[in-house]
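Colleague: Listed here are the chains, written in short residue letters.
2 protein chains.
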Amino acid sequence: MKEDPLVMSMLFDFYGEVLTEKQRDFFDLYHNRDLSLGEIAENTGITRQGVRDVIVRATQVLRSMEDKLGLVGRYKAVQNGLVEIRDAAAAIEEINNRRYGSGPVREYAQRIQELASGIAEKT
Amino acid sequence: MKEDPLVMSMLFDFYGEVLTEKQRDFFDLYHNRDLSLGEIAENTGITRQGVRDVIVRATQVLRSMEDKLGLVGRYKAVQNGLVEIRDAAAAIEEINNRRYGSGPVREYAQRIQELASGIAEKT
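Just so you know, the protein sequences line up as chains G and P, in that order. No gaps in the numbering here: position 112 of the first sequence is 109 in our numbering, and each next residue is one more. No gaps in the numbering here: position 33 of the second sequence is 30 in our numbering, and each next residue is one more.
No lab work stands behind these hints: they were computed from the structure. The structure displayed is predicted, hence computed values, not measured ones. All residues carry an ideal CB built from backbone N, CA and C; glycine is no exception. Heads up, some of the hints might be wrong.
[Stated by the list, open to error] In silico DSS-like pairs for lysine-lysine, Cα to Cα no more than 27 Å straight-line:
no.: 1; chain 1: P; residue 1: K19; chain 2: P; residue 2: K65
no.: 2; chain 1: G; residue 1: K19; chain 2: P; residue 2: K65
no.: 3; chain 1: P; residue 1: K119; chain 2: P; residue 2: K73
no.: 4; chain 1: G; residue 1: K65; chain 2: G; residue 2: K119
no.: 5; chain 1: G; residue 1: K65; chain 2: P; residue 2: K65
no.: 6; chain 1: P; residue 1: K119; chain 2: G; residue 2: K65
no.: 7; chain 1: G; residue 1: K119; chain 2: P; residue 2: K19
no.: 8; chain 1: P; residue 1: K19; chain 2: G; residue 2: K73
no.: 9; chain 1: G; residue 1: K73; chain 2: P; residue 2: K119
no.: 10; chain 1: G; residue 1: K65; chain 2: G; residue 2: K19
no.: 11; chain 1: G; residue 1: K119; chain 2: P; residue 2: K119
no.: 12; chain 1: G; residue 1: K119; chain 2: G; residue 2: K73
no.: 13; chain 1: G; residue 1: K65; chain 2: P; residue 2: K73
no.: 14; chain 1: P; residue 1: K73; chain 2: G; residue 2: K119
no.: 15; chain 1: P; residue 1: K65; chain 2: G; residue 2: K73
no.: 16; chain 1: P; residue 1: K73; chain 2: G; residue 2: K73
[Said to hold, decoys possible] Short derived list, chain G residues pointing at chain P, Cβ under 10 Å:
no.: 17; residue: Y12
no.: 18; residue: A85
no.: 19; residue: P101
[Unchecked claim] Restraint-style ranges between C-beta atoms, simulated for each label pair:
no.: 20; chain 1: P; residue 1: R30; chain 2: G; residue 2: Y97; range: 51 to 59 Å
no.: 21; chain 1: P; residue 1: R21; chain 2: G; residue 2: G70; range: 19 to 27 Å
no.: 22; chain 1: P; residue 1: Q76; chain 2: G; residue 2: E0; range: 42 to 50 Å
no.: 23; chain 1: P; residue 1: D84; chain 2: G; residue 2: R95; range: 21 to 29 Å
no.: 24; chain 1: G; residue 1: N77; chain 2: P; residue 2: D31; range: 56 to 64 Å
no.: 25; chain 1: P; residue 1: E14; chain 2: G; residue 2: E104; range: 37 to 45 Å
no.: 26; chain 1: G; residue 1: S33; chain 2: P; residue 2: L3; range: 43 to 51 Å
no.: 27; chain 1: P; residue 1: K119; chain 2: G; residue 2: Q57; range: 25 to 33 Å
no.: 28; chain 1: P; residue 1: Y97; chain 2: G; residue 2: G67; range: 38 to 46 Å
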């Protein structure tokens, strides 16, 4: 049943808030904290099958949200673009440093890198 | 009942896919195509109150999604950052053009502007 941990973690980050509290807790324990179905069952007083059903349902809800909204796919495209922006701004900064040292181009190039990092954290 | 059209339009763009087909259709007719409740009722053979109930419910669903996922708020922050990036890259390009004309800095600065525009369309 265990699926790609990175995908599960991203789906949970993006859409976890739409799950019920129980779905969110069990999903988190299983996928992010790596507890087994049996351990979650033991800790919560529910059968192993009951725990499994909750997690399967939570996974369906998260996948259905991604089918509808596609945020994880978009996230990757945006992050790749931001990395390219930072690289290009860093290249400008380096060329400018060799020629002039400080100055407005350096400041703009540094500002671009800061902004791209800020956006990367927000998306 | 009519709420801020820009907010409604953004909520619909981001989360419209989670609505039922009927909710989506009625919401779209009312908020995006500016039909009245009475006109929608007439076109669909449902009572005016029935149309209203569907749209009120659709609005609740969209608002609840935004409360949970916050994409509209994040979108604005990201777009503002991208505008700043484009402005800074354009400023670099201008300074560079005055000093050198073409060259690697110009290409990097143009590439940054392209990338920022590409990301702006994806978010």
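Colleague: Against this structure, judge whether each hint is valid.
Modeller: Going down the list of hints, with the structure as the test:
{"no.": "1", "hint": "P:K19 to P:K65", "in the structure": "holds, 23 Å"}
{"no.": "2", "hint": "G:K19 to P:K65", "in the structure": "holds, 16 Å"}
{"no.": "3", "hint": "P:K119 to P:K73", "in the structure": "holds, 13 Å"}
{"no.": "4", "hint": "G:K65 to G:K119", "in the structure": "holds, 21 Å"}
{"no.": "5", "hint": "G:K65 to P:K65", "in the structure": "holds, 16 Å"}
{"no.": "6", "hint": "P:K119 to G:K65", "in the structure": "holds, 15 Å"}
{"no.": "7", "hint": "G:K119 to P:K19", "in the structure": "violated, 33 Å"}
{"no.": "8", "hint": "P:K19 to G:K73", "in the structure": "violated, 32 Å"}
{"no.": "9", "hint": "G:K73 to P:K119", "in the structure": "holds, 11 Å"}
{"no.": "10", "hint": "G:K65 to G:K19", "in the structure": "holds, 23 Å"}
{"no.": "11", "hint": "G:K119 to P:K119", "in the structure": "holds, 14 Å"}
{"no.": "12", "hint": "G:K119 to G:K73", "in the structure": "holds, 13 Å"}
{"no.": "13", "hint": "G:K65 to P:K73", "in the structure": "holds, 21 Å"}
{"no.": "14", "hint": "P:K73 to G:K119", "in the structure": "holds, 11 Å"}
{"no.": "15", "hint": "P:K65 to G:K73", "in the structure": "holds, 21 Å"}
{"no.": "16", "hint": "P:K73 to G:K73", "in the structure": "holds, 19 Å"}
{"no.": "17", "hint": "Y12", "in the structure": "holds, 7 Å"}
{"no.": "18", "hint": "A85", "in the structure": "holds, 4 Å"}
{"no.": "19", "hint": "P101", "in the structure": "holds, 6 Å"}
{"no.": "20", "hint": "P:R30 to G:Y97: 51 to 59 Å", "in the structure": "holds, 55 Å"}
{"no.": "21", "hint": "P:R21 to G:G70: 19 to 27 Å", "in the structure": "holds, 21 Å"}
{"no.": "22", "hint": "P:Q76 to G:E0: 42 to 50 Å", "in the structure": "violated, 33 Å"}
{"no.": "23", "hint": "P:D84 to G:R95: 21 to 29 Å", "in the structure": "holds, 25 Å"}
{"no.": "24", "hint": "G:N77 to P:D31: 56 to 64 Å", "in the structure": "violated, 39 Å"}
{"no.": "25", "hint": "P:E14 to G:E104: 37 to 45 Å", "in the structure": "holds, 42 Å"}
{"no.": "26", "hint": "G:S33 to P:L3: 43 to 51 Å", "in the structure": "holds, 49 Å"}
{"no.": "27", "hint": "P:K119 to G:Q57: 25 to 33 Å", "in the structure": "holds, 26 Å"}
{"no.": "28", "hint": "P:Y97 to G:G67: 38 to 46 Å", "in the structure": "holds, 42 Å"}
Hints 7, 8, 22 and 24, counting from the list given before, are not met by this structure.
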